[in-house]
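S.K.: Residues per chain, in single letters:
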Amino acid sequence: GDSVTQMEGPVTLSEEAFLTINCTYTATGYPSLFWYVQYPGEGLQLLLKATKADDKGSNKGFEATYRKETTSFHLEKGSVQVSDSAVYFCALTASRRALTFGSGTRLQVQP
Amino acid sequence: DAGITQSPRHKVTETGTPVTLRCHQTENHRYMYWYRQDPGHGLRLIHYSYGVKDTDKGEVSDGYSVSRSKTEDFLLTLESATSSQTSVYFCAISEDGPSGNTIYFGEGSWLTVV
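Just so you know, the protein sequences line up as chains R and L, in that order. Start counting the first sequence at 1; every next residue gets the next number (the numbering used here). Start counting the second sequence at 1; every next residue gets the next number (the numbering used here).
Since the hints were derived computationally from the structure, they do not count as laboratory data. In this text, a Cβ means the ideal position worked out from N, Cα and C, and glycines have one as well. Among the clues, some could well be false.
In silico contact screen, one side only, chain L against chain R (beta carbon under 10 Å); selected entries [to be verified]:
1. Ile4
2. Gln6
3. Tyr35
4. Gln37
5. Pro39
6. His41
7. Leu43
8. Arg44
9. Tyr48
10. Asp56
11. Glu59
12. Phe90
13. Ala92
14. Ile103
15. Gly106
16. Glu107
Go ahead and model the full structure; you've got the sequences and the hints to work with.
M.R.: Below is the structure:
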């Protein structure tokens, strides 16, 4: 079945550091890939998405590129802020049009 | 933003009692979903619906049932609540679009079974 594997957290960075959160997937067919963010006490918000190989999703300084050859969709940001502290979920949709999530990675950014 | 309202937002209930969570959407989206979120597991799909009266099971459907009698409402019922069903429950809807299957989430319902 479909699955998503994310690096375990928490990831702790200083402000303005470079961020990478790894995500790899297993899926049949040609999934769409997503990153969602969850701030404390809130629901999930769509951060970015990519629907086909080599697409790059971007939003609020975050980027991720759909790499079919390595089945990866790593999240990156060049300079993190304290306000980026949250839990980040990698996810995919395939044949059932339902999201399959990774277990989430908590990011803590220190001033 | 897709208009999604979950109710109740917080509930404490006793083991063995039935509980119903409601998800209401103001859009006219065909697909609706119920997920639960637990530490270390991310979000796991309980049930989903692809139209009125059309539903299917997800990966953790045991102990849960759903109903969708109207496009805008998707109900999740715990027939006899257990402590293992203490969780945060999220409703989501799927917005069809040219760039793929984007799914939007409600704010969650915190359920505690004591």
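S.K.: What are the numbers of the hints that this structure violates, sorted from low to high?
M.R.: none
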